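Asker: Sequence:
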Amino acid sequence: MMANKNELLDLEKGFWTGDAAYFKANADTKCLVAFPQMAQTMSNADLAETATDPNRWRDLDIDLKGIIEPGSDIVMLTYEAHATRENGEPYSALVSTGYVHRVNGWKMMFHAQTPLEPAAKT
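Residue 6 is where the sequence shown starts when you use the numbering used here, and the numbers rise one by one after that.
It should be emphasised that the hints constitute simulated quantities derived from the structure, not laboratory data. Remember, predicted model here, so these are calculated numbers, not experimental data. Among the hints, erroneous ones may be present.
[Stated by the list, open to error] 16 Å max Cα-Cα, derived EDC-like pairs, lysine to aspartate or glutamate:
#: 1; residue 1: K18; residue 2: E85
#: 2; residue 1: K10; residue 2: D78
#: 3; residue 1: K112; residue 2: D64
#: 4; residue 1: K112; residue 2: D15
#: 5; residue 1: K29; residue 2: D51
#: 6; residue 1: K10; residue 2: D68
#: 7; residue 1: K18; residue 2: D68
#: 8; residue 1: K112; residue 2: E12
#: 9; residue 1: K18; residue 2: E74
#: 10; residue 1: K18; residue 2: D58
#: 11; residue 1: K18; residue 2: D64
#: 12; residue 1: K10; residue 2: D58
#: 13; residue 1: K112; residue 2: D78
Hey, can you work out the whole structure from these sequences and the hints?
Answerer: Shown next as structure tokens:
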């Protein structure tokens, strides 16, 4: 099965802007996550609880850097993200996400973010 890049990017954008119901519908049963402040396996329900505010991000820009499909039902993508937090603070990160294809579509099973230092003002 060939992954549709646009479908995956739309899914990815939804994880930035979606609510708990979106997370429940589009994350796998378990998801491995890695952020500077934590790295762990999270259940679908626990992951969904992190998305209580769908307005937490705006002005999202995703610059896809690579996508691979190591198996017929697994795809990994990596990108640079730029967004604005709800409080107006800019945020940039290098992001990698893994999806597994289930009977009901692509489900996020891995997600990692490495925040980038803000650009120096000149």
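Asker: Any hints this thing doesn't respect? Which numbers, in order?
Answerer: 3, 9, 12
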